[in-house]
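*Asks:* Sequence lines, in order, name chains S and X.
The numbering of the first sequence is numbering that gives the first Met the number 0, which starts it at 0 and goes up by one.
The numbering of the second sequence is numbering that gives the first Met the number 0, which starts it at 0 and goes up by one.
Treat the hints with care, as some may be off.
Identical copies look the same in the list; a pair holds intra-copy or inter-copy alike.
As the list claims (entries may be wrong) - Keeping only pairs whose Cα atoms sit at most 30 Å apart, straight-line, the calculated DSSO-like set for lysine-lysine is:
1. 81 x 394
2. 244 x 506
3. 324 x 267
4. 61 x 130
5. 81 x 152
6. 83 x 291
7. 419 x 182
8. 459 x 321
9. 506 x 277
10. 321 x 61
11. 279 x 83
12. 83 x 482
13. 419 x 324
14. 83 x 394
15. 263 x 471
16. 493 x 130
17. 482 x 459
18. 397 x 81
FYI, nobody ran anything at the bench for these hints, they're computed from the structure.
There are 2 protein chains.
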Amino acid sequence: MDSLYSLLYQWLPLLLLFFSTSISSATNLHNKIPILSPLRRTNLLGPDDDTLSTPSLSEDFKTYFYEQTLDHFNYNPQSYTKFKQSYVINYKYWGGASSNSPIFVYLGAEAPLVGDIPIIGFLTDNAPRFKALLVYIEHRFYGNSIPLGTMEKAMENETIRGYFNSAQALADYAEVLLYVKDKLSAHNSPVIVVGASYGGMLASWFRLKYPHVALGALASSAPILYFDDITPQNGYYSRVTKDFKEASEHCYRTIRKSWSEIDKVASKPNGLSILSQKFKTCSHLNSSSELKDYLDSMYSAAAQYNQPPDYPVTQVCSGIDKADKGSDILGRIFAGVISYNGNRSCYDTLVYSRPTETMVGWSWQTCSEMVMPIGRGSNDTMFPASPFILEDFIKSCKSTFGVSPRPHWITTYYGGHDIKLVLQRFASNIIFSNGLRDPYSSGGVLENLSSNLLAVYTVKGSHCLDILPAQKSDPWWLVAQRKNEVEIIEGWIKEYYADLLAIRNEKDA
Amino acid sequence: MDSLYSLLYQWLPLLLLFFSTSISSATNLHNKIPILSPLRRTNLLGPDDDTLSTPSLSEDFKTYFYEQTLDHFNYNPQSYTKFKQSYVINYKYWGGASSNSPIFVYLGAEAPLVGDIPIIGFLTDNAPRFKALLVYIEHRFYGNSIPLGTMEKAMENETIRGYFNSAQALADYAEVLLYVKDKLSAHNSPVIVVGASYGGMLASWFRLKYPHVALGALASSAPILYFDDITPQNGYYSRVTKDFKEASEHCYRTIRKSWSEIDKVASKPNGLSILSQKFKTCSHLNSSSELKDYLDSMYSAAAQYNQPPDYPVTQVCSGIDKADKGSDILGRIFAGVISYNGNRSCYDTLVYSRPTETMVGWSWQTCSEMVMPIGRGSNDTMFPASPFILEDFIKSCKSTFGVSPRPHWITTYYGGHDIKLVLQRFASNIIFSNGLRDPYSSGGVLENLSSNLLAVYTVKGSHCLDILPAQKSDPWWLVAQRKNEVEIIEGWIKEYYADLLAIRNEKDA
Chain S
0 MDSLYSLLYQ WLPLLLLFFS TSISSATNLH NKIPILSPLR RTNLLGPDDD
50 TLSTPSLSED FKTYFYEQTL DHFNYNPQSY TKFKQSYVIN YKYWGGASSN
100 SPIFVYLGAE APLVGDIPII GFLTDNAPRF KALLVYIEHR FYGNSIPLGT
150 MEKAMENETI RGYFNSAQAL ADYAEVLLYV KDKLSAHNSP VIVVGASYGG
200 MLASWFRLKY PHVALGALAS SAPILYFDDI TPQNGYYSRV TKDFKEASEH
250 CYRTIRKSWS EIDKVASKPN GLSILSQKFK TCSHLNSSSE LKDYLDSMYS
300 AAAQYNQPPD YPVTQVCSGI DKADKGSDIL GRIFAGVISY NGNRSCYDTL
350 VYSRPTETMV GWSWQTCSEM VMPIGRGSND TMFPASPFIL EDFIKSCKST
400 FGVSPRPHWI TTYYGGHDIK LVLQRFASNI IFSNGLRDPY SSGGVLENLS
450 SNLLAVYTVK GSHCLDILPA QKSDPWWLVA QRKNEVEIIE GWIKEYYADL
500 LAIRNEKDA
Chain X
0 MDSLYSLLYQ WLPLLLLFFS TSISSATNLH NKIPILSPLR RTNLLGPDDD
50 TLSTPSLSED FKTYFYEQTL DHFNYNPQSY TKFKQSYVIN YKYWGGASSN
100 SPIFVYLGAE APLVGDIPII GFLTDNAPRF KALLVYIEHR FYGNSIPLGT
150 MEKAMENETI RGYFNSAQAL ADYAEVLLYV KDKLSAHNSP VIVVGASYGG
200 MLASWFRLKY PHVALGALAS SAPILYFDDI TPQNGYYSRV TKDFKEASEH
250 CYRTIRKSWS EIDKVASKPN GLSILSQKFK TCSHLNSSSE LKDYLDSMYS
300 AAAQYNQPPD YPVTQVCSGI DKADKGSDIL GRIFAGVISY NGNRSCYDTL
350 VYSRPTETMV GWSWQTCSEM VMPIGRGSND TMFPASPFIL EDFIKSCKST
400 FGVSPRPHWI TTYYGGHDIK LVLQRFASNI IFSNGLRDPY SSGGVLENLS
450 SNLLAVYTVK GSHCLDILPA QKSDPWWLVA QRKNEVEIIE GWIKEYYADL
500 LAIRNEKDA
């Protein structure tokens with residue numbers, strides 16, 4: 000496992016080289032659609048973070064590979080191609096098959112699995128209580144589960160790349176889980192799937208599509224309603240704006256005014272040099288957009304991952320608000336940058352647009368099926384206007400990848416419109432958890448759909464906060480949210496055991 | 000539309016020519032797996048039926064074509080290929096979008112749609128009561144909905160043929176229905192899908208996978224449990240046997256003894272000529288198996304379509320039982336053949352194995368994913384032993400089509416094991432209707448899974464009897480079954496209207 004991260008960073012520059020054209024447009028696209036990860040991974044890649052720690056898993060975590068079907072929905076000879084899919088099992092807490100002890104499954108999402116395992120505290124924190132087996136499955140086309148072995152090879156190949164989508168990924172999970180249950184003779188062990196962000200969407204969809212494999216799902220910060228026109232386009236950035244406004248009205252107003260200030264300076268002779276100096280950028284700015292995109296991403300990340308004890312939005316705003324007296328607007332903004340990132344020799348304005356594996360993969364996913372219309376109008380947020388125009392998006396994807404997105408496929412396959420009307424008498428055992436400060440919560444399920452399709456949210460929570468490892472310093476509302484989730488899941492499992500017993504007694508009778 | 004049937008019968012001989020090798024093995028396979036059609040279509044192809052009537056639809060039925068996506072689960076450039084999918088709408092009874100009047104949808108199955116429309120009485124019989132729009136959608140790769148235009152072209156192309164499967168077909172239905180609802184501004188009109196036999200499986204699976212498109216499903220004679228080892232292999236032939244035994248113990252015993260009699264005569268010098276003469280076969284028998292397969296298929300068809308007022312099992316048995324005194328066993332069997340088929344100049348022993356479109360298509364489907372392990376041991380039925388041996392089946396499919404079946408895919412994607420445990424607290428609004436005399440009912444859902452996943456069966460009913468047009472001569476139990484189904488569906492729709500109103504009121508409040 001140790002070699003994964005070193006491998007990843009070996010091929011990143013290569014990837015950059017191979018995909019220089021497509022990636023630049025791909026990451027442009029991506030910038031418009033804030034990343035959906037449970038943790039702010041991008042920070043890992045900052046220039047001051049060059050001592051990247053390789054996550055090392057304890058010996059309790061065993062890594063396996065499953066010979067996975069490349070195409071589950073096709074029967075031509077090529078679709079019989081297999082690829083190796085990685086999954087990890089922790090047996091330490093499991094009560095065993097004979098007691099039908101449950102299986103908690105983390106559904107990997109748009110990143111290498113190995114990086115997620117240590118941060119999915121929900122599994123390890125609750126395994127002893129449930130005597131649960133822990134299974135982590137990597138999403139196809141990430142980490143160690145990439146057909147053809149490497150992302151560049153997989154993405155170069157138009158045919159192979161086509162199989163990189165959510166329906167195939169869900170079928171992968173079904174196959175792996177049925178295989179694992181069979182191997183462990185754990186036929187009657189209930190499976191609870193847990194996912195975060197995009198992985199949270201997958202978790203809720205998995206329970207909906209494969210109820211015979213998963214008894215229930217915890218879908219953390221899953222914006223399953225951010226498709227078509229279900230959620231207003233500006234939902235995401237309105238929430239970012241609200242977070243800043245609530246933290247400090249002055250901070251909010253300063254940011255709001257800053258964009259035209261940047262443009263004003265940029266339009267001066269040597270304007271970009273002035274800006275580069277003013278913001279201590281690691282390399283000379285190529286455009287004012289480079290700076291604006293950087294700030295845009297920084298504010299969004301601060302809001303999305305606005306978690307205790309640091310509360311990054313408060314950090315940014317305290318920098319802005321407490322800047323030296325007499326600071327001008329841009330001086331205050333830079334003070335916010337420092338406060339958020341810490342004192343550095345320089346600030347890397349390209350940090351959010353570097354092609355990580357997640358960036359490359361997610362660009363493809365958003366350009367094929369995960370079309371989330373995230374935009375903003377003029378004056379409806381603290382940001383400059385940047386509406387989502389579907390035609391432009393399609394054109395851009397087409398020029399990057401050569402194929403058009405299918406913008407309505409997600410709601411065709413998974414639904415989303417009138418979700419309460421549709422699901423209140425269909426399906427069960429899904430928790431949609433959210434923190435309302437997370438801008439993605441605007442596309443989440445925030446009301447109970449029925450007595451067992453439940454919305455569990457906190458007013459102050461951020462993106463995927465509930466599934467991160469519990470800390471002593473956690474605020475009471477976060478502790479309460481997790482307790483609530485655990486008790487709901489416990490209820491599902493108890494009910495399942497009672498059903499199992501009743502059906503056995505019926506058969507014996 | 001008139002041209003469809005003539006076209007079909009124009010290319011049938013061609014098809015036979017093109018596929019002579021593969022078809023003969025394919026139909027061999029097929030013989031082992033009784034056909035799953037709502038009506039005994041094969042009878043249409045008997046030599047005395049050469050005045051094939053072209054089903055002509057009244058002007059109330061309008062035919063349309065939808066530009067359908069060939070591959071819904073892939074984003075490579077080839078998957079953007081489209082094909083024309085046929086669907087038919089009858090507007091005559093519809094109350095319109097403004098009253099949210101319902102939409103009844105027949106999901107086409109393994110046959111050209113045009114032949115099914117007149118026999119799906121459930122839709123036309125109940126449309127006035129519900130003021131329902133009627134929509135009939137053809138299954139991909141049948142009738143007028145074949146990519147590349149013709150079955151031979153589609154089946155010759157290994158890549159195209161790969162997209163011929165149930166998951167793709169369900170996605171087709173979802174796309175067509177969302178499109179039709181959109182065109183008619185019928186956003187809030189509830190959709191009830193109806194399917195029969197394989198189409199009944201599709202209907203139940205469609206409600207399970209696309210609850211946001213269909214409010215409910217009537218799954219008539221859908222053997223969704225005839226996969227893996229859920230249903231005993233001999234379920235089908237045990238039921239055929241039981242039907243005959245119940246009709247006449249003497250008849251049953253005669254058939255049971257007949258197989259070795261056939262073998263005995265066949266092993267004599269000129270044995271096949273003797274048998275050919277004895278059974279007045281239209282062409283000289285090539286083997287004793289040809290005769291045995293013919294009889295096997297005839298008994299199975301009689302049991303499967305054992306419907307009032309004629310009750311074919313009774314017809315066969317009355318021939319056997321009332322044969323001239325002194326008739327030997329084979330004389331009695333032949334009397335059964337005459338009684339079932341009527342007096343003919345000769346009897347076509349190949350009638351059940353001729354490659355109709357259904358035969359070709361279904362052979363592919365069973366050899367890819369629809370692996371139904373139908374077999375029988377020695378002495379557990381009135382037939383000679385013919386166990387289903389998965390390895391042999393796989394080999395045979397591989398040699399016919401070049402690809403291996405995926406025998407566990409159906410239960411992986413749709414479930415089936417422990418169905419009550421899985422679905423009693425998940426899903427709603429499915430009627431599993433069966434007639435217990437139908438041998439396929441052995442793989443059907445015969446107990447209520449919950450208060451709204453209901454098994455509605457009749458003890459005397461046959462395959463798909465409930466969805467055929469109501470007749471004045473229908474027995475009371477059939478009338479009662481249909482009434483029950485209609486009232487259940489009415490309940491779903493009323494509940495849906497109430498939910499719709501409540502949600503609107505909530506929003507307005």
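*Asks:* Give me the numbers of the hints this structure contradicts, sorted from smallest to largest.
*Replies:* 6, 9, 10, 11, 12, 13, 15
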